[in-house]
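Those sequence lines, one after another, are chains A and B.
Residue numbers for the first sequence follow our numbering, so the first one is 1 and each next one is one higher.
Residue numbers for the second sequence follow our numbering, so the first one is 1 and each next one is one higher.
Hints may be right or wrong, so weigh each one.
[As the list claims (entries may be wrong)] Which chain B residues stay away from chain A? Per the calculated CB distances, all over 10 Å, these:
#1 Asp28
#2 Phe94
#3 Ala96
#4 Glu100
#5 Met107
#6 Ala154
#7 Glu205
#8 Ile224
[Said to hold, decoys possible] FRET-style restraints, in silico, Cβ to Cβ:
#9 B:Leu120 - A:Ala140: 56 to 62 Å
#10 A:Leu115 - B:Leu104: 49 to 55 Å
#11 A:Leu101 - B:Glu241: 44 to 50 Å
#12 B:Leu13 - A:Tyr130: 20 to 26 Å
#13 B:Gly48 - A:Ala114: 22 to 28 Å
#14 A:Leu101 - B:Gly10: 26 to 32 Å
What the hints contain is simulated information worked out from the structure, not anything from laboratory work.
Keep in mind it's a predicted model, so treat the numbers as computed, not measured.
Where is the CB? At the ideal position from N, CA and C, for every residue including glycine.
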Amino acid sequence: MTTSWFAIILTSIAALALTLLPLPATMQLHNPQWLLLTIIFWSLYRPAQAGMIYAWIAGLMLDVATNGLLGLNALLFTMTAFLVLSLRQRLGVAPLLSQALLIAGFTLVYLMVALWVEGVATDLVSMATYLSRALSNLAAWPVVFFLLSRLARISER
Amino acid sequence: MALFDSHRPGFNLLLVLVVISIALMSLDRIGTRWVSQLDQGLGGATDGIVKAIHQPVVVSRGIGQWFVERRELHAEVDRLRDENTLLRGQMQQFVALQREVDELRAMLNGEASAIPGVLLARRVGHPPSLQGNLFTIGRGHGDDVRPGDPVIDAHGVVGQILRSTRSGATVIQLTSRDHMLSVLLGDTGRTALLRGTGNRQMIAERVPERTTIEPGDLLTTSGIDTAFPRGYPVARVTSIEMDEAQGFIRLIAEPVADLERLDHVLVITEAPDAPDDSGSESDTALEQPAITPPADSAADESTPPDATPATGATDDD
Numbered sequence: 001m002t003t004s005w006f007a008i009i010l011t012s013i014a015a016l017a018l019t020l021l022p023l024p025a026t027m028q029l030h031n032p033q034w035l036l037l038t039i040i041f042w043s044l045y046r047p048a049q050a051g052m053i054y055a056w057i058a059g060l061m062l063d064v065a066t067n068g069l070l071g072l073n074a075l076l077f078t079m080t081a082f083l084v085l086s087l088r089q090r091l092g093v094a095p096l097l098s099q100a101l102l103i104a105g106f107t108l109v110y111l112m113v114a115l116w117v118e119g120v121a122t123d124l125v126s127m128a129t130y131l132s133r134a135l136s137n138l139a140a141w142p143v144v145f146f147l148l149s150r151l152a153r154i155s156e157r
Numbered sequence: 001m002a003l004f005d006s007h008r009p010g011f012n013l014l015l016v017l018v019v020i021s022i023a024l025m026s027l028d029r030i031g032t033r034w035v036s037q038l039d040q041g042l043g044g045a046t047d048g049i050v051k052a053i054h055q056p057v058v059v060s061r062g063i064g065q066w067f068v069e070r071r072e073l074h075a076e077v078d079r080l081r082d083e084n085t086l087l088r089g090q091m092q093q094f095v096a097l098q099r100e101v102d103e104l105r106a107m108l109n110g111e112a113s114a115i116p117g118v119l120l121a122r123r124v125g126h127p128p129s130l131q132g133n134l135f136t137i138g139r140g141h142g143d144d145v146r147p148g149d150p151v152i153d154a155h156g157v158v159g160q161i162l163r164s165t166r167s168g169a170t171v172i173q174l175t176s177r178d179h180m181l182s183v184l185l186g187d188t189g190r191t192a193l194l195r196g197t198g199n200r201q202m203i204a205e206r207v208p209e210r211t212t213i214e215p216g217d218l219l220t221t222s223g224i225d226t227a228f229p230r231g232y233p234v235a236r237v238t239s240i241e242m243d244e245a246q247g248f249i250r251l252i253a254e255p256v257a258d259l260e261r262l263d264h265v266l267v268i269t270e271a272p273d274a275p276d277d278s279g280s281e282s283d284t285a286l287e288q289p290a291i292t293p294p295a296d297s298a299a300d301e302s303t304p305p306d307a308t309p310a311t312g313a314t315d316d317d
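Starting from the given sequences, assemble the full structure and let the hints guide the process.
Structure follows, in structure tokens:
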């Protein structure tokens, strides 16, 4: 079962357009997150095609379109897609109502992470230095692993 | 059936994407050049979508105009002609005044203000955001509209260009919580930083108590932030709050621009008061909009250093 990429991309663009539709401010707040729902659907039923990279790209497009913090929705969409993909076998056969309830649950998680990121967003500048530390830890780990495993083996004797 | 393939999501992929997202967010916060290029590049596509979904509105407006009666059109033309004559008459007076001001200013500190290059732009829509203080206009890079350019309307300052793509640009209104600009307080000669609050009110804090200002006074751009040229009306003081313990007052002001009914705006594409001697430096300063993140610590990343600290700006005379 493969859906053509055309359909996936077209539905994503349509969902993005629905999100961008100008509405009165009060209705804007209650507008469903069409793009997120589209992504959940595709990762639920066509996981081979629309996985986390697709979710990331879609989130980035939403960030650009809404002038948000670049990468915020990309992060959240990727994490939602990850959740959906890990729960896919249970979620895919669940009745529609429990699917909807679970998606409401996802949305609450999404909201909490979004609020948290908004909160630390002012510290993101200092986050960049931590990021470089993460990368240097990544590079240093093989060295530490090699040295300490040698040491452990020697001290065993 | 696809349901029984596990399609376990790769944890490594998740981690890589998360790290890339966080890197993007922090680089976006810092304002790195290639992140803004990425933003502008992708923005071209999304602006296209925004324009496409606004087409029905444009078309219906066009059809509506088709049925406007000829008599009404003539009345409109007459009215506009009268207004044009009136404005031209006033303009002559202003040209003389401008020359006089330039001469006086040249005597004071050798700086004259040319009439800036402005560009008429039409509002095409607004991107959805919770604050609702953004809107998009139909002019972009192609018309030399750059991030940081001031935007005004017939009454006063509207805001600044936040992001521009090839054919469109996003404007942040000065009432946004993320916007701040330096203003002159009436004719006192003092300056203060005027901060948006997200609704119609704007706040200038830490104004010295002895400043003689009262409700109704006009706040104009001071020009020392180099983002806005000097002398444009910004807001009118509506109330003054005392802070007796500190010896400062706080001004509440409302913008003079007609932000509720913006249809056409003017973009000032070249700032006449920008310092000429440091060419490259002023370019980089103009590329960054004078937008400050909520934290005070990061307030100096985009505005030039001489305008940033609120106390420094208010106490400098």
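Checking each numbered hint in turn, tell me which of them this model violates, lowest number first. Violated: hint 1 alone.
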